[in-house]
Amino acid sequence: MAKTPVRFTLNGSETALFVDGGANLLDTLRRGVGDLSPKYGCGQGTCGTCTVLIDGEPHLSCLTLAETVEGRSIETTGGLSNGADLHPLQRVFMENFGAQCGYCTPGMLMAAKALLAKNPNPSREEVVEAISGNICRCTGYEPIIDAILATAGQMRGRVA
Amino acid sequence: MLTVETFDTLAQAAGAMTPESRFLGGGTLIMRGVNYGDQSFQRIVRVRDRSLREIRSESGRIVIGAGATMADVMAASETSFLADVARQVGGPAVRNMATIGGNLFAPHPYGDFTTALLALDASVRLSDGSEQPIENFLSARSSMRGLVASVSVSRPMGDEFRFRKVSRVKPKGVSVMSIAVWLPRQGGRISQARIAFGAMGPTPLRAKAAEQALEGVNLDAQGIEQALSVATAGLSPMDDSLASAWYRNEVAPVHLRRVLLGEGNR
Ligand SMILES: Cc1cc2nc3c(=O)[nH]c(=O)nc-3n(C[C@H](O)[C@H](O)[C@H](O)COP(=O)(O)OP(=O)(O)OC[C@H]3O[C@@H](n4cnc5c(N)ncnc54)[C@H](O)[C@@H]3O)c2cc1C
Ligand code: FES
Ligand code: FES
Chain W
4 MAKTPVRFTL NGSETALFVD GGANLLDTLR RGVGDLSPKY GCGQGTCGTC TVLIDGEPHL
64 SCLTLAETVE GRSIETTGGL SNGADLHPLQ RVFMENFGAQ CGYCTPGMLM AAKALLAKNP
124 NPSREEVVEA ISGNICRCTG YEPIIDAILA TAGQMRGRVA
Chain Z
-3 MLTVETFDTL AQAAGAMTPE SRFLGGGTLI MRGVNYGDQS FQRIVRVRDR SLREIRSESG
57 RIVIGAGATM ADVMAASETS FLADVARQVG GPAVRNMATI GGNLFAPHPY GDFTTALLAL
117 DASVRLSDGS EQPIENFLSA RSSMRGLVAS VSVSRPMGDE FRFRKVSRVK PKGVSVMSIA
177 VWLPRQGGRI SQARIAFGAM GPTPLRAKAA EQALEGVNLD AQGIEQALSV ATAGLSPMDD
237 SLASAWYRNE VAPVHLRRVL LGEGNR
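Those sequence lines, one after another, are chains W and Z. End of the first sequence sits at 163 in the working numbering; the numbers just go up one at a time, nothing left out. End of the second sequence sits at 262 in the working numbering; the numbers just go up one at a time, nothing left out.
It is worth saying that the hints were derived from the structure and are not from the lab. Treat the hints with care, as some may be off.
As the list claims (entries may be wrong) - Partner residues are not named here, just some residues of chain Z that face chain W (Cβ under 10 Å, in silico):
1. Thr(-1)
2. Thr2
3. Met70
4. Ala72
5. Val90
6. Val165
7. Ala217
To be verified - Here are the simulated lysine to any residue pairs, SDA-like style, with alpha carbons at most 20 Å apart:
8. W:Lys6 with W:Arg33
9. Z:Lys166 with Z:Leu238
10. Z:Lys166 with W:Glu128
11. W:Lys6 with Z:Phe37
12. W:Lys6 with W:Val22
13. Z:Lys166 with W:Ala19
14. W:Lys121 with W:Glu60
15. W:Lys6 with Z:Thr(-1)
16. W:Lys121 with W:Ser135
17. Z:Lys166 with W:Glu145
18. Z:Lys166 with W:Glu132
19. W:Lys6 with W:Ala19
20. Z:Lys204 with Z:Asp236
21. W:Lys121 with W:Gly156
22. Z:Lys166 with W:Glu129
23. Z:Lys166 with Z:Val247
24. Z:Lys204 with Z:Ser135
25. Z:Lys166 with W:Ser135
26. Z:Lys166 with W:Arg33
27. Z:Lys204 with Z:Ser225
28. W:Lys121 with W:Gly160
29. Z:Lys204 with Z:Lys166
30. W:Lys6 with Z:Gln38
31. W:Lys121 with Z:Ala79
32. Z:Lys166 with W:Gly156
33. W:Lys121 with Z:Ala71
34. Z:Lys166 with W:Pro125
35. W:Lys121 with Z:Lys204
36. Z:Lys166 with W:Arg127
37. W:Lys121 with Z:Ala67
38. Z:Lys204 with Z:Pro180
39. W:Lys121 with W:Leu83
40. Z:Lys166 with W:Val131
Since the model is a prediction, treat every value here as computed from it, not as a measurement. The C-beta atom is built at its ideal place from N, Cα and C for all residues, glycine as well.
Make a model of the complete structure from these sequences and hints.
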């Protein structure tokens, strides 16, 4: 069976590989490229833990046909930290106990990153809306919402 | 194994469709099928043509390309009257992917955006250039040949158009039902009302008896009484994990009343 070539940038690095017909982006990232940061939860769009950014916007990688990302820019949680230097979202999630089992965390972080890039000063309601496609079975959401609001405050403080 | 065929234009894609093919919109429904081993199709057909995603005004009507996403509708100034409808489809990631074209085919309980288009008397343009009223399109969609190129609507005035999605989980949750109404008025009285229900039948459906009962009445508790009493005539809701058909029929007039009178919180 013929494979299709696909090229994109992943966290800033040029990436090229061959995919099977019907392969989704999540499998392609995890098995093809070896970026294990986006997780598989449901494979049907419900849980959000596979959320990645495509050209800065959140998408469900399990429902994205891999070859449609040709030429586009993909960001995953794997690219958030700079070596041991965590991204502010990651650090503040840790400080606020925004992760318990951690399975939802990669999706939460990417949804939050997309929100803060567009809206550096979100209301609590806007945060709730931004993560409304992401299910967390552990935290009860409050620590996650607090963490995103706190990160927004810190990032604004740094710019000012 | 699946084959994916990519074309430059919609016409080419339409020519390549077979009974074993599915045309790819945003893929939120198709890829679910792929991931779960749906064997009803062997080929995915897609187009690269970005113009399928355009939203524009054309001789007094707003034309929305079949490939426009819910997020595109929320962002475009031409479709500001539909932004609140698009915002109620899934979460942010779904809205970046879900297309208007795909919503036209989405099975129960989906099709919230299509419900709004039905109340607005939208017209559906196919890849061969032919146009048809959305109501005819919906009743024949399962056997449709060809692809959808765009839909067009005229912009409703002020508060003539209203939409409400009834769901159990906020802010994101699948519809128990959605209701869209278009209430043009003449001299204060309703004339040619449109009422559409989503998740109350195999496709979004119009409540025609209720529409007729609104003809010439004032938009107040007394004026809408008759319409509420026939609200579910012609609808055929089903049981699902969210609600039984019985429950849907019972609460439909309550929600319709709230939409018509602008009462209650979502
Ligand atoms: C987590 C989640 C939440 C959701 N919430 C909602 C919701 O709140 N409300 C709602 O209405 N829906 C919801 N959906 C369902 C779905 O996302 C939407 O209905 C969406 O609009 C479908 O569009 P798509 O482009 O993704 O469809 P696709 O999966 O690409 O296609 C769906 C069907 O339409 C056909 N099709 C697509 N475009 C065309 C065209 N131009 N011409 C001919 N045929 C075409 C395809 O062949 C396929 O059969 C949800 C889905 C998920 C995963
Ligand atoms: S794995 Fe993609 S939404 Fe659950
Ligand atoms: S921390 Fe366990 S699912 Fe969110």
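Now for the hints, and whether the structure bears them out:
Restraint check, Thr(-1) of chain Z versus chain W: the minimum CB separation of about 5 Å is within 10 Å; hint holds. For Thr2 of chain Z, the suggested interface contact is upheld, since its CB lies about 7 Å from the closest CB of chain W, less than 10 Å. About 12 Å separates the beta-carbon of Met70 of chain Z from the nearest beta-carbon of chain W, more than 10 Å, and the hint is not met. Evaluation of the Ala72 of chain Z hint against chain W yields a violated restraint, the C-beta minimum of about 15 Å exceeding 10 Å.
The restraint placing Val90 of chain Z at the interface with chain W holds, with a minimum CB-CB distance near 6 Å, inside the 10 Å limit. Hint status for Val165 of chain Z: holds, given a least beta-carbon distance of 9 Å to chain W, under 10 Å. The beta carbon of Ala217 of chain Z comes no nearer than 32 Å to any beta carbon in chain W, farther than 10 Å, and the hint placing it at the interface is violated. Taking the CA atoms of Lys6 of chain W and Arg33 of chain W, the gap is about 17 Å. The hint holds against a cut of 20 Å.
Straight-line distance between C-alpha atoms of Lys166 of chain Z and Leu238 of chain Z comes to about 14 Å, which keeps the hinted pair within the 20 Å bound. The straight-line distance between the Cα atoms of Lys166 of chain Z and Glu128 of chain W is roughly 11 Å, inside the 20 Å bound, and the hint therefore holds. For the hint pairing Lys6 of chain W with Phe37 of chain Z, the CA-to-CA distance comes to about 19 Å; that is within 20 Å, so the pair holds. Restraint check for Lys6 of chain W and Val22 of chain W: satisfied, since their Cα atoms lie roughly 5 Å apart, inside the 20 Å limit.
With a CA separation close to 40 Å, the supplied pair Lys166 of chain Z and Ala19 of chain W exceeds the 20 Å bound. Of the supplied pair hints, the one linking Lys121 of chain W and Glu60 of chain W holds, its CA atoms being roughly 10 Å apart against a limit of 20 Å. A threshold of 20 Å between alpha carbons decides the hint, and for Lys6 of chain W with Thr(-1) of chain Z the separation of about 9 Å falls inside it, so the pair holds. At roughly 17 Å between alpha-carbon atoms, Lys121 of chain W and Ser135 of chain W fall within 20 Å of each other, so this suggested pair holds.
Between the alpha carbons of Lys166 of chain Z and Glu145 of chain W the distance comes to roughly 15 Å, so the proposed pair stays at or under 20 Å and holds. Between Lys166 of chain Z and Glu132 of chain W, the direct Cα distance comes to roughly 9 Å. Compliance with the 20 Å bound is thereby established for this hinted pair. Distance check on the hinted pair: Lys6 of chain W and Ala19 of chain W sit about 13 Å apart at the alpha-carbon level, within 20 Å; holds. Proposed proximity of Lys204 of chain Z and Asp236 of chain Z is contradicted: the alpha carbons are some 25 Å apart, above 20 Å.
Simply put, Lys121 of chain W and Gly156 of chain W have alpha-carbon atoms about 14 Å apart, close enough for the 20 Å limit, and the pair holds. A threshold of 20 Å between alpha carbons decides the hint, and for Lys166 of chain Z with Glu129 of chain W the separation of about 13 Å falls inside it, so the pair holds. For the hint pairing Lys166 of chain Z with Val247 of chain Z, the CA-to-CA distance comes to about 18 Å; that is within 20 Å, so the pair holds. This hinted pair checks out: Lys204 of chain Z and Ser135 of chain Z have alpha carbons roughly 15 Å apart, not beyond 20 Å.
For a cut-off of 20 Å, the pair hint linking Lys166 of chain Z to Ser135 of chain W stands: about 8 Å separates their Cα positions. For the given pair, Lys166 of chain Z sits about 32 Å from Arg33 of chain W by alpha-carbon distance, which is inconsistent with the 20 Å threshold. Restraint check for Lys204 of chain Z and Ser225 of chain Z: satisfied, since their Cα atoms lie roughly 12 Å apart, inside the 20 Å limit. The straight-line distance between the Cα atoms of Lys121 of chain W and Gly160 of chain W is roughly 17 Å, inside the 20 Å bound, and the hint therefore holds.
A threshold of 20 Å between alpha carbons decides the hint, and for Lys204 of chain Z with Lys166 of chain Z the separation of about 30 Å lies outside it, so the pair is violated. Our distance criterion of 20 Å between C-alpha atoms is met by Lys6 of chain W and Gln38 of chain Z, whose separation comes to about 15 Å. Under the criterion of a C-alpha separation no larger than 20 Å, the hint pairing Lys121 of chain W with Ala79 of chain Z is consistent with the structure, at around 18 Å. This hinted pair does not check out: Lys166 of chain Z and Gly156 of chain W have alpha carbons roughly 26 Å apart, beyond 20 Å.
Proposed proximity of Lys121 of chain W and Ala71 of chain Z is supported: the alpha carbons are some 13 Å apart, at most 20 Å. Distance hint between Lys166 of chain Z and Pro125 of chain W is fulfilled; the C-alpha atoms sit about 18 Å from each other, no more than 20 Å. Our distance criterion of 20 Å between C-alpha atoms is broken by Lys121 of chain W and Lys204 of chain Z, whose separation comes to about 43 Å. For the suggested pair Lys166 of chain Z and Arg127 of chain W, the alpha carbons sit about 14 Å apart, so the restraint of at most 20 Å is met.
About 14 Å separates the Cα atoms of Lys121 of chain W and Ala67 of chain Z, which keeps this hinted pair within 20 Å; it holds. Under the criterion of a C-alpha separation no larger than 20 Å, the hint pairing Lys204 of chain Z with Pro180 of chain Z is consistent with the structure, at around 15 Å. For a cut-off of 20 Å, the pair hint linking Lys121 of chain W to Leu83 of chain W stands: about 17 Å separates their Cα positions. The hinted pair formed by Lys166 of chain Z and Val131 of chain W meets the criterion: a straight-line CA distance of about 10 Å does not exceed 20 Å.
Hints 3, 4, 7, 13, 20, 26, 29, 32 and 35 from the list above are not met by this structure, while the remaining hints are.
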